[in-house]
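Full structure from sequences and hints, please.
These are the residues of each chain, in order.
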Amino acid sequence: MSGMKRKKDLTFLQRIYLPEIVKGLKLTLTNMFRPNVTLQYPEQKFTPPASYRGRPVLVEDKGNAERCVACGLCARVCPALAIEVQASETENEKERYPVKFEINMLRCIFCGFCEEVCPEEAIVMSKDYELVFSKRSDAIYGKDKLLVPIDNLKDRLEFLRNFK
Amino acid sequence: MSIMEIVVITLIKIVAILSVFLLSVAYSVYFERKIASWAQNRVGPNRVGWNGLLQPFADVFKLLLKEDIVPEASNKPLHTLAPFIALLVAFSTYAVIPFGPEVELFGYKINLVVADVNIGILYVLAFTSIAVYGITFAGWSSGSKYSLLGGIRSSAQMISYEVSMGFSVGGVILLAESLSPVKIVEAQHGWMWNAIIQPIGFITFLVSSFAETNRLPFDLPEAEPELVGGYHTEYSSMKFAGFFLAEYANMIISSALITTLYLGGWQNPLVDIFHIQGGWAVAMQVGAFMIKIALLLFFFIWVRWSLPRFRYDQLMNLGWKVMFPLALLNIIWVAVLIMVFKI
Amino acid sequence: MPKIIIDSKEIEFKQGQTIIEAARENGIDIPHFCWHPKLSVSGNCRVCLVEVEKMPKLVISCATLAADGMVVNTRSEKTLSARRAVMEFILINHPLDCPICDEAGECKLQDYAYSHSVGESRFVEEKAHNIKRTEIGPRIMFDAERCISCSRCIRFSSEIAGANQLTFTKRGDRVTISTFPGESFDNPYSMNTVDICPVGALTNKDFRFKSRVWEMSATKSICTGCSRGCNIDIWVRNNKIMRLTPRNNEQVNADWMCDNGRINSFKFVNAEDRIDSVQVRKEGFLQPVTWEEGIKTAAVSLKKFKPHEIAFIGSPYATNEDNYLMAKLAKALGVQNISIIQHSVEGDCDDILIREDKTPNLTGAALAGIRPNYNGFSLNQLVDGIRQKKIKAVYIIEDDLYSIAGADEKAFANLELLIVNSSNRNKTTLSADIVFPASTFAEKNGTFVNFAGVVQRIRPAVATAEMDRALDGMEMSKWDKFGTKFDRWMQGEKKDAKPTWRIITQIGEQLGMKFKYEMAENVFDEMSGAIKEFAGTDYDKIGSEGLKLKSEKIAVNV
Numbered sequence: 000m001s002g003m004k005r006k007k008d009l010t011f012l013q014r015i016y017l018p019e020i021v022k023g024l025k026l027t028l029t030n031m032f033r034p035n036v037t038l039q040y041p042e043q044k045f046t047p048p049a050s051y052r053g054r055p056v057l058v059e060d061k062g063n064a065e066r067c068v069a070c071g072l073c074a075r076v077c078p079a080l081a082i083e084v085q086a087s088e089t090e091n092e093k094e095r096y097p098v099k100f101e102i103n104m105l106r107c108i109f110c111g112f113c114e115e116v117c118p119e120e121a122i123v124m125s126k127d128y129e130l131v132f133s134k135r136s137d138a139i140y141g142k143d144k145l146l147v148p149i150d151n152l153k154d155r156l157e158f159l160r161n162f163k
Numbered sequence: 000m001s002i003m004e005i006v007v008i009t010l011i012k013i014v015a016i017l018s019v020f021l022l023s024v025a026y027s028v029y030f031e032r033k034i035a036s037w038a039q040n041r042v043g044p045n046r047v048g049w050n051g052l053l054q055p056f057a058d059v060f061k062l063l064l065k066e067d068i069v070p071e072a073s074n075k076p077l078h079t080l081a082p083f084i085a086l087l088v089a090f091s092t093y094a095v096i097p098f099g100p101e102v103e104l105f106g107y108k109i110n111l112v113v114a115d116v117n118i119g120i121l122y123v124l125a126f127t128s129i130a131v132y133g134i135t136f137a138g139w140s141s142g143s144k145y146s147l148l149g150g151i152r153s154s155a156q157m158i159s160y161e162v163s164m165g166f167s168v169g170g171v172i173l174l175a176e177s178l179s180p181v182k183i184v185e186a187q188h189g190w191m192w193n194a195i196i197q198p199i200g201f202i203t204f205l206v207s208s209f210a211e212t213n214r215l216p217f218d219l220p221e222a223e224p225e226l227v228g229g230y231h232t233e234y235s236s237m238k239f240a241g242f243f244l245a246e247y248a249n250m251i252i253s254s255a256l257i258t259t260l261y262l263g264g265w266q267n268p269l270v271d272i273f274h275i276q277g278g279w280a281v282a283m284q285v286g287a288f289m290i291k292i293a294l295l296l297f298f299f300i301w302v303r304w305s306l307p308r309f310r311y312d313q314l315m316n317l318g319w320k321v322m323f324p325l326a327l328l329n330i331i332w333v334a335v336l337i338m339v340f341k342i
Numbered sequence: 000m001p002k003i004i005i006d007s008k009e010i011e012f013k014q015g016q017t018i019i020e021a022a023r024e025n026g027i028d029i030p031h032f033c034w035h036p037k038l039s040v041s042g043n044c045r046v047c048l049v050e051v052e053k054m055p056k057l058v059i060s061c062a063t064l065a066a067d068g069m070v071v072n073t074r075s076e077k078t079l080s081a082r083r084a085v086m087e088f089i090l091i092n093h094p095l096d097c098p099i100c101d102e103a104g105e106c107k108l109q110d111y112a113y114s115h116s117v118g119e120s121r122f123v124e125e126k127a128h129n130i131k132r133t134e135i136g137p138r139i140m141f142d143a144e145r146c147i148s149c150s151r152c153i154r155f156s157s158e159i160a161g162a163n164q165l166t167f168t169k170r171g172d173r174v175t176i177s178t179f180p181g182e183s184f185d186n187p188y189s190m191n192t193v194d195i196c197p198v199g200a201l202t203n204k205d206f207r208f209k210s211r212v213w214e215m216s217a218t219k220s221i222c223t224g225c226s227r228g229c230n231i232d233i234w235v236r237n238n239k240i241m242r243l244t245p246r247n248n249e250q251v252n253a254d255w256m257c258d259n260g261r262i263n264s265f266k267f268v269n270a271e272d273r274i275d276s277v278q279v280r281k282e283g284f285l286q287p288v289t290w291e292e293g294i295k296t297a298a299v300s301l302k303k304f305k306p307h308e309i310a311f312i313g314s315p316y317a318t319n320e321d322n323y324l325m326a327k328l329a330k331a332l333g334v335q336n337i338s339i340i341q342h343s344v345e346g347d348c349d350d351i352l353i354r355e356d357k358t359p360n361l362t363g364a365a366l367a368g369i370r371p372n373y374n375g376f377s378l379n380q381l382v383d384g385i386r387q388k389k390i391k392a393v394y395i396i397e398d399d400l401y402s403i404a405g406a407d408e409k410a411f412a413n414l415e416l417l418i419v420n421s422s423n424r425n426k427t428t429l430s431a432d433i434v435f436p437a438s439t440f441a442e443k444n445g446t447f448v449n450f451a452g453v454v455q456r457i458r459p460a461v462a463t464a465e466m467d468r469a470l471d472g473m474e475m476s477k478w479d480k481f482g483t484k485f486d487r488w489m490q491g492e493k494k495d496a497k498p499t500w501r502i503i504t505q506i507g508e509q510l511g512m513k514f515k516y517e518m519a520e521n522v523f524d525e526m527s528g529a530i531k532e533f534a535g536t537d538y539d540k541i542g543s544e545g546l547k548l549k550s551e552k553i554a555v556n557v
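Each protein sequence line maps, in turn, to chains P, F and C. For the first sequence, numbering that gives the first Met the number 0 begins at 0 and goes up steadily by one. For the second sequence, numbering that gives the first Met the number 0 begins at 0 and goes up steadily by one. For the third sequence, numbering that gives the first Met the number 0 begins at 0 and goes up steadily by one.
For the record, the hints were derived by calculation from the structure and aren't laboratory data. As the structure is a computational prediction, the values presented were derived from the model and not from experiment. Check before you lean on any hint, since a few could be wrong.
Dumping the calculated BS3-like pairs for lysine-lysine here, alpha-carbon to alpha-carbon at most 27 Å [claimed, not checked]:
no.	chain 1	residue 1	chain 2	residue 2
1	P	LYS93	C	LYS107
2	P	LYS153	P	LYS142
3	P	LYS93	C	LYS131
4	C	LYS330	C	LYS295
5	P	LYS99	P	LYS142
6	C	LYS484	P	LYS144
7	C	LYS330	P	LYS99
8	C	LYS266	C	LYS209
9	C	LYS209	P	LYS144
10	P	LYS134	C	LYS480
11	C	LYS531	C	LYS513
12	P	LYS142	C	LYS239
13	C	LYS169	C	LYS107
14	C	LYS493	C	LYS426
15	C	LYS477	P	LYS142
16	F	LYS61	P	LYS134
Quick look at the structure:
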């Protein structure tokens with residue numbers, strides 16, 4: 000087109016493009032005879048590794064108490080503004096707890112920033128990737144859906160300790 | 000034959016061809032998805048029917064049940080008209096393409112072509128030119144910038160490549176000394192396929208038909224990363240299905256045209272080599288026609304899942320600076336063949 | 000003028016200024032905890048250490064007077080390492096409470112920990128523990144662990160509030176702040192210590208854990224608690240006022256406001272008893288109607304009476320614009336009976352901020368044409384007139400007729416028409432014939448004139464049904480900016496209220512008058528042309544600092 004200089008000039012064969020096309024076609028053709036990697040999803044399920052970022056959940060410590068102190072850092076850092084927290088006072092030693100903790104799963108982009116910023120290790124990314132709702136309002140998960148017993152999250156917590 | 004008989008025979012041919020054609024359009028979508036998944040080490044549709052064979056029908060039902068959204072800012076009559084133009088053009092081109100030799104059935108001599116028009120090639124070129132209206136209307140009437148850009152790109156692209164397409168056909172016409180597709184097929188008797196005699200013309204025509212059908216690597220009108228869905232961004236439901244089907248219908252038409260013009264149409268050299276006569280010969284010839292189309296379709300799809308999209312300026316460069324001169328070169332080559340070798 | 004060189008920048012200063020003051024006036028910020036521009040110098044935090052040439056050791060810039068020719072370096076390696084050392088020292092016993100601490104986000108220690116600290120502590124021992132969560136006063140929670148012993152609160156309570164209520168007790172890492180045994184930190188200005196506390200040791204009980212500071216929008220406004228008109232920020236989240244904080248204005252309130260204004264002057268905005276629709280009395284009951292119908296009914300009903308049968312009551316709670324249009328409507332109708340109700344609490348005042356007059360705009364209303372005993376029409380005459388059926392119709396804005404001294408339950412039973420603009424339900428709205436829901440001070444634009452004649456602007460912080468936060472240029476938090484109607488935080492209630500000036504404009508239009516005001520600013524522009532005290536003023540000139548009106552005598556005849 001213009002007089003733009005390339006770093007490396009193409010050879011004539013590359014310039015006429017056809018051999019390259021043939022190469023590309025050959026690649027796809029050979030792929031057609033390779034075994035496929037498909038997982039038949041609803042019947043077979045994918046079990047993600049600990050590094051997987053599924054839907055964010057709140058850690059429920061032993062004794063049915065959330066770890067969260069409603070500091071709001073997750074809500075602050077969330078690039079998609081998916082999290083809404085309302086704090087309140089408790090008699091516990093930690094003083095604060097979330098009276099409301101909502102994640103809008105339609106907004107969530109599973110970036111894991113909330114987990115990274117959490118000072119209490121109270122919100123972590125789970126392995127749950129099956130998120131289905133039929134109404135917008137159903138997509139807003141409250142504490143009832145978010146709280147997960149700590150025993151189900153051991154994998155992730157260990158992963159975080161090692162690599163965060 | 001009386002007029003009545005001609006009408007009835009033609010109607011039967013139309014119905015037969017149309018049903019086979021529609022079915023093959025539906026299944027070309029299926030095979031597009033299957034071949035794509037093979038190329039990517041996947042399985043592809045396998046839920047609806049055995050190996051997903053009923054998938055095309057499921058798709059149609061899904062599209063039928065979808066809400067038809069017409070944008071507020073659109074020009075509604077044109078917005079509705081556009082997919083019909085696209086479909087009409089795609090389907091009616093098939094009328095002049097011969098899919099077999101003349102046969103005798105129940106005492107009638109039947110030409111295996113819907114309409115043996117003596118200017119068939121002109122008819123095809125004219126009709127494919129109209130197709131650009133469907134896309135331009137769709138782009139303009141949607142009242143959306145993406146649609147408009149897609150529509151403009153598409154019309155520029157189609158008009159540009161029609162030139163090299165037309166000139167490529169010139170070589171074929173010179174050899175066959177006729178504009179009738181039936182004559183052109185007959186002229187490629189035996190191994191006298193135009194693809195062998197004039198390979199440059201074959202390649203230019205092939206490339207141009209990729210561009211004409213808006214298939215990758217020339218699918219700029221609907222380049223998703225830049226233009227969302229291109230000219231059909233604002234289409235939904237059956238109107239979208241119209242464009243979708245038209246694209247595949249065009250692919251089949253293009254394959255049939257390439258077969259007719261360059262690959263000897265229904266000619267099957269084996270028939271001559273083994274001196275096969277009668278019904279078997281016809282069957283083999285029609286079969287050959289189908290197989291040629293099927294292989295071309297596979298090629299169309301195969302290319303799509305192998306090559307990246309061209310940039311717009313590259314596309315125009317290729318069209319005007321490479322394809323057009325090559326098409327001219329082909330005409331000279333054919334002229335030289337005729338003058339020197341007297342074929 | 001003597002000159003000092005700070006960070007190789009030559010700066011002029013006034014004799015007697017300290018280094019930190021001279022630097023601050025010229026935009027050089029030297030970190031400080033204990034120093035406060037309005038308080039005496041204590042010099043105990045040591046974080047403002049700077050290097051001064053020819054001085055053997057670093058000096059604290061808050062207590063060192065600037066001298067001519069002095070060369071100060073606030074960014075030298077020596078200064079920085081000293082600052083880091085001080086920060087590390089202060090952080091030794093400061094708990095990692097930020098996640099549960101209300102101060103987080105506006106905490107000086109937090110900010111400096113980011114900007115002037117190394118981010119790591121070499122201290123491995125157990126931090127010193129102290130009492131947490133104690134009520135040091137009725138409105139203040141105290142967390143002794145968080146305290147960095149800057150003594151700002153101690154100095155505030157003795158120097159500004161004049162109450163002398165706080166002091167340090169104990170020594171070393173056990174030092175803490177305390178009141179006299181059995182006493183409570185309860186002076187009427189105590190909550191200012193929450194603002195000046197550089198950490199979260201003192202927190203606002205009323206606001207405790209309600210919201211994080213970064214989730215709110217702050218709108219510059221005026222406190223309506225009394226006629227001082229303290230400058231404030233209204234902090235709003237989810238279209239609800241969360242707290243008020245004082246805003247610096249040297250000619251009005253400096254950096255302070257009283258606890259009563261801070262806690263009580265905004266509660267009615269979110270209250271349950273807000274009027275939520277236009278109501279017209281039909282068959283003995285108030286029925287909700289549309290705005291069109293309400294305006295039309297009001298106009299038609301007003302026309303039925305002769306001018307001398309009507310009384311208009313303005314309001315010292317309403318803005319200048321509201322009162323001006325009220326007076327203008329009265330004039331257009333020929334109504335002479337105009338008055339205003341005063342709300343003074345005798346003896347409830349001091350020489351700091353609190354005033355006897357508990358309304359924000361009595362002076363402004365008087366300037367706008369609505370004053371007590373206007374044309375000799377007193378409130379007593381109003382009550383008598385109604386008893387004697389001389390006055391048959393009353394239009395009152397943003398006030399309660401029953402608050403007139405001597406008005407009993409039956410005083411207004413003879414009224415044939417009572418129209419009221421009010422934000423909340425009260426006795427008047429219950430007995431009214433037509434009720435218009437009025438926007439509160441936090442929901443509209445307008446101006447107040449305080450007792451000293453300073454005209455100041457209020458701005459909408461809470462959106463009503465007729466307003467859009469973005470389109471009407473209101474302050475927005477990050478959540479307001481990026482929210483959609485599907486987000487819960489955007490679904491905060493929007494009251495169907497209109498500012499009084501707009502209601503009067505619409506009634507005026509209905510009556511065939513040329514009332515063409517699109518914005519409160521249009522009304523004020525007309526006022527600045529018509530009223531000599533306001534001559535030459537406009538919204539831009541008033542700005543966020545207010546404007547002292549030129550007139551000598553604006554005292555209202557109380």
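Contradicted hints - numbers only: Number 7 only.
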